[in-house]
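Undergrad: Go by the hints and put chain S onto chain U.
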Amino acid sequence: EDKVVQSPLSLVVHEGDTVTLNCSYEVTNFRSLLWYKQEKKAPTFLFMLTSSGIEKKSGRLSSILDKKELFSILNITATQTGDSAVYLCAVGDSWGKLQFGAGTQVVVTP
Amino acid sequence: GAVVSQHPSRVICKSGTSVKIECRSLDFQATTMFWYRQFPKQSLMLMATSNEGSKATYEQGVEKDKFLINHASLTLSTLTVTSAHPEDSSFYICSASPGQGASYGYTFGSGTRLTVV
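Each protein sequence line maps, in turn, to chains U and S.
Mapping the first sequence onto this note's numbering, position 24 (from 1) lands on 24, and the numbers just tick up by one.
Mapping the second sequence onto this note's numbering, position 15 (from 1) lands on 1015, and the numbers just tick up by one.
Careful: at least some of the hints might be erroneous.
[As the list claims (entries may be wrong)] When the alpha-carbon atoms are kept at most 25 Å apart in a straight line, the in silico PhoX-like pairs for lysine-lysine are as follows:
| # | chain 1 | residue 1 | chain 2 | residue 2 |
| --- | --- | --- | --- | --- |
| 1 | U | K40 | S | K1014 |
| 2 | U | K3 | S | K1041 |
| 3 | S | K1020 | U | K40 |
| 4 | S | K1064 | U | K3 |
| 5 | S | K1014 | S | K1041 |
| 6 | S | K1041 | U | K41 |
| 7 | U | K67 | U | K3 |
| 8 | U | K37 | S | K1041 |
Hints listed in this document are in silico derivations from the structure and should not be mistaken for laboratory results.
Extracted from the complex, chain S is given alone in its bound form:
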C-alpha cells in the first residue's frame, strides 16, 4: 500500500512560463501532502504542507504566490510554479500522508526535475 504517483518526471520550460506538477495517492486517501525541493548536492527542504480542502501552509522563505498549491481532492495535490525563472530549476518531490498517526505517511512520489531555460 501507500503508492504515490508524481507527474511529470521531467520538464523543461521557458523562463516566464508556468509549470504544473501533480501528486496523486493511488491506494489511499491523503488528507495531507507535502512538497519538497532539492537543489543539486543539497538535501530535501520542505516547501509547504498541503491539506485537503484548505489553504496550504508554506515554510519560511517560500513564496506562496509563486508556488501555488491546490489540494482539491483526497487523492490529488498540484504544485504550480508560476513565472518560472532559472533559479527555480530544481528537483521537486511530494509525499502523501493519510493523516495523523499514519505509519506509512512517508511515501514519496518519483519526483519532478524542472529545468527553466
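Isolated chain U (complex conformation):
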C-alpha cells in the first residue's frame, strides 16, 4: 500500500530558530515529491523535487530529495511568525495525481 509519512506532526519554535521537516514515502509510479504550505486556504506550492541530491532553495526555505532512501526534508532557517502554517508533503505520479502526507503543523512564536 502506498504511503507518505510526515514527521513531526507538529512543532513549536521561537522566531529565528531553524526547523527541519521530514517526509518519507513508499509509492509505486513515483515521479516527483512536492512541498506545499497551507494557511487556512488552498495549499501554496513551494518545491517540486524529481532528482536525488539536488537542493532547491527559495529564500529561507530549502529542500532535498533522496530517492534511494525514499525521503525528503524541508528546511526553514531564521523562522518568522509568518512561517506558521501546515506544511504538506505529496508524492506525484506522471499524471499529476498526488498522495499527501498528514502534514506538519509549525507554530513560530515571537
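TA: For chain S alone, coordinates are given in the frame of chain U:
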C-alpha cells in the same frame, strides 16, 4: 502558466440540496483534473480523477452517485455534491494536469468551502 480557477469559493446550502463546484484551467488544456477533499485538521484526500470525455475514476470509499463529476471539455470539470448532508461539509479543491509527463500538473484551484446546514 498553469492557472486553475475554482468557483464558488464558499457555499452554504441546506441539507438535501445539491451543490455544483466548477474547476477551470485558464491557460492550458487539462486532459485530467483531480478532486480532493479536506476535513478540518486533516490532510487532502483524493476523491476522484476526472478525464476529459470519459467517466471519472473514484477512490475507494467515495460514492460516485453522490459526487457526480463531469469533464465535458478540456478546460472545465464540475463536481456536484448531490443530496448534501452536514457530514459532507468540507473543503473541496481541484487540481488540473495537461497530461502525462506534465511538469506543472500540480496546480490547485483556490478551493471551495462547503457548509451544509
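Undergrad: Next, verify each hint and record whether it holds.
TA: Verification of the supplied hints:
1. Our distance criterion of 25 Å between C-alpha atoms is met by K40 of chain U and K1014 of chain S, whose separation comes to about 24 Å.
2. Annotation: proposed proximity of K3 of chain U to K1041 of chain S holds, straight-line Cα distance about 19 Å (limit 25 Å).
3. In summary, the hint linking K1020 of chain S to K40 of chain U is supported, as the alpha carbons are separated by about 22 Å, within the 25 Å threshold.
4. Taking the CA atoms of K1064 of chain S and K3 of chain U, the gap is about 24 Å. The hint holds against a cut of 25 Å.
5. As the CA atoms of K1014 of chain S and K1041 of chain S are separated by approximately 24 Å, the hinted pair is consistent with the 25 Å bound.
6. Restraint check: the Cα-Cα separation between K1041 of chain S and K41 of chain U comes to about 12 Å, which is no more than 25 Å; the hinted pair holds.
7. For the hint linking K67 of chain U to K3 of chain U, the alpha-carbon distance of about 15 Å falls within 25 Å, and the restraint holds.
8. With a C-alpha separation of about 14 Å, the suggested pairing of K37 of chain U with K1041 of chain S holds against the 25 Å cut-off.
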